[in-house]
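Protein chains: 2
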Amino acid sequence: MELSQSHQSFIHTWGTLGGNWGINKTMAQIHALLLIAPDPLDTEEIMKTLVISRGNTSMNIRALIDWGLVNKHLITGERKEYFVAKKDIWVIARLIAKQRRKLELEPVLGALKEIKTDPDAQSDKEFMERVTDIEEFAEKIDKIMEKFIASDEQWFYKMLLKLV
Amino acid sequence: MELSQSHQSFIHTWGTLGGNWGINKTMAQIHALLLIAPDPLDTEEIMKTLVISRGNTSMNIRALIDWGLVNKHLITGERKEYFVAKKDIWVIARLIAKQRRKLELEPVLGALKEIKTDPDAQSDKEFMERVTDIEEFAEKIDKIMEKFIASDEQWFYKMLLKLV
DNA sequence: TTAAACTTTCAATTATTTTTGAAAATAAAA
DNA sequence: TTTTATTTTCAAAAATAATTGAAAGTTTAA
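These protein sequences, in sequence, are chains A and B.
Taking this note's numbering, I'd label the letters of the first sequence as residues 438 to 601.
Taking this note's numbering, I'd label the letters of the second sequence as residues 438 to 601.
Certain hints may be false.
One copy or any two copies: either way a pair holds, since identical chains are not told apart in the list.
[As the list claims (entries may be wrong)] Here are the simulated DMTMM-like cross-link-like pairs (lysine to aspartate or glutamate), alpha carbons at most 25 angstroms apart as the crow flies:
#, residue 1, residue 2
1, 562, 503
2, 523, 482
3, 485, 439
4, 562, 476
5, 535, 576
FYI, nobody ran anything at the bench for these hints, they're computed from the structure.
Being a predicted model, the structure only gives us computed values, none of them experimental.
Required output: the full structure, derived from the provided sequences and hints.
Structural data, given as structure tokens:
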């Protein structure tokens with residue numbers, strides 16, 4: 438598959454954004470390619486289009502499937518696997534939020550709670566205050582994300598109306 | 438300055454979190470150290486406490502000041518500069534959101550708009566739909582961040598009440 | 001002025017992350 | 001079975017990012 442200029446820009450943009458969001462560049466680019474592909478693609482085609490190795494392609498497709506952003510698509514009579522991306526940006530955002538919450542926020546919350554159990558820390562008033570402030574803040578962000586992840590699109594738009 | 442176990446954990450945790458948030462590890466660790474330091478610290482003390490080089494320390498303090506997370510603190514009669522971190526987690530969150538919006542979201546919005554002007558793209562119905570969906574979503578996130586950045590703490594708590 | 005105190009810069013080094021590609025594993029077909 | 005098609009793994013290589021530290025730059029004091 439030849440990529441037009443605008444398709445390339447899109448893949449590049451999505452790749453850069455991914456880099457900022459804990460998704461590696463190749464993973465984001467494969468995702469971008471599948472997002473704009475009208476039909477399911479196989480590994481071979483993804484490799485060739487993005488000019489990346491077989492191993493890299495395989496690993497990152499796997500990751501996309503783990504995150505729930507991409508699904509396998511089997512074509513009867515064909516042996517190899519094809520892949521399709523979920524197209525709804527709302528669904529995509531929720532899936533990404535879910536992973537980031539799990540991989541980043543939860544461990545930090547755990548670590549902060551752990552720190553607060555240290556007797557040394559407890560005797561340091563200022564320090565405890567700082568840790569507690571941050572913990573409470575992180576807890577709130579966690580709650581918002583939880584809500585967001587479990588929500589439907591309507592909730593999001595209602596929220597926007599209230600906010601903006 | 439000797440760091441207690443809990444202080445070390447805190448600095449480590451904050452450093453890890455920073456890594457996920459576009460802030461480099463050292464920058465986040467210096468920030469963490471200043472967050473829990475009862476008094477302003479000078480470059481020498483930061484270097485020694487975190488066991489990092491002078492150059493690294495200088496560059497990252499500079500970055501923290503650019504982001505608005507840290508302020509210089511001059512002591513009369515002393516020649517060297519001391520540094521203090523803003524302690525209010527609410528203020529910190531807004532300052533970080535401001536940078537991330539500028540460095541990450543805005544360029545993506547720009548790129549998406551650019552892509553939409555390409556005649557090639559405009560004739561590709563599916564592609565335009567995808568790009569437009571993402572653009573509209575990003576626009577909404579941008580608006581929320583703008584609101585958040587300009588808001589006060591009350592706004593945030595009111596929002597939380599509405600949401601959760 | 002000059003010297004001392006302190007800060008910044010940046011080329012070179014070191015550490016970390018990503019990618020490759022060939023071999024091993026798996027699965028379907030003959 | 002055995003062969004062929006396809007996917008996965010992972011050690012080594014390449015690419016990228018972070019860090020050092022010594023030299024250059026600044027600023028203040030003498």
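Hint by hint, here is what the structure shows:
1. For the homomeric pair residue 562 and residue 503, neither the shortest alpha-carbon distance inside one copy (43 angstroms) nor that between copies (29 angstroms) is at most 25 angstroms.
2. In this assembly of identical chains, the alpha carbons of residue 523 and residue 482 lie at most 25 angstroms apart only when taken from the same copy (19 angstroms versus 51 angstroms across copies).
3. Proximity of residue 485 to residue 439 under the C-alpha cut-off of 25 angstroms is restricted to the intra-copy arrangement: shortest distance 9 angstroms within a copy versus 55 angstroms between copies.
4. For the identical chains of this complex, residue 562 and residue 476 are inter-copy neighbours only, at 14 angstroms across copies versus 60 angstroms inside a copy, given an alpha-carbon limit of 25 angstroms.
5. In this homomeric assembly, residue 535 and residue 576 come within 25 angstroms of each other (Cα to Cα) both inside a single copy, at 15 angstroms, and across copies, at 21 angstroms.
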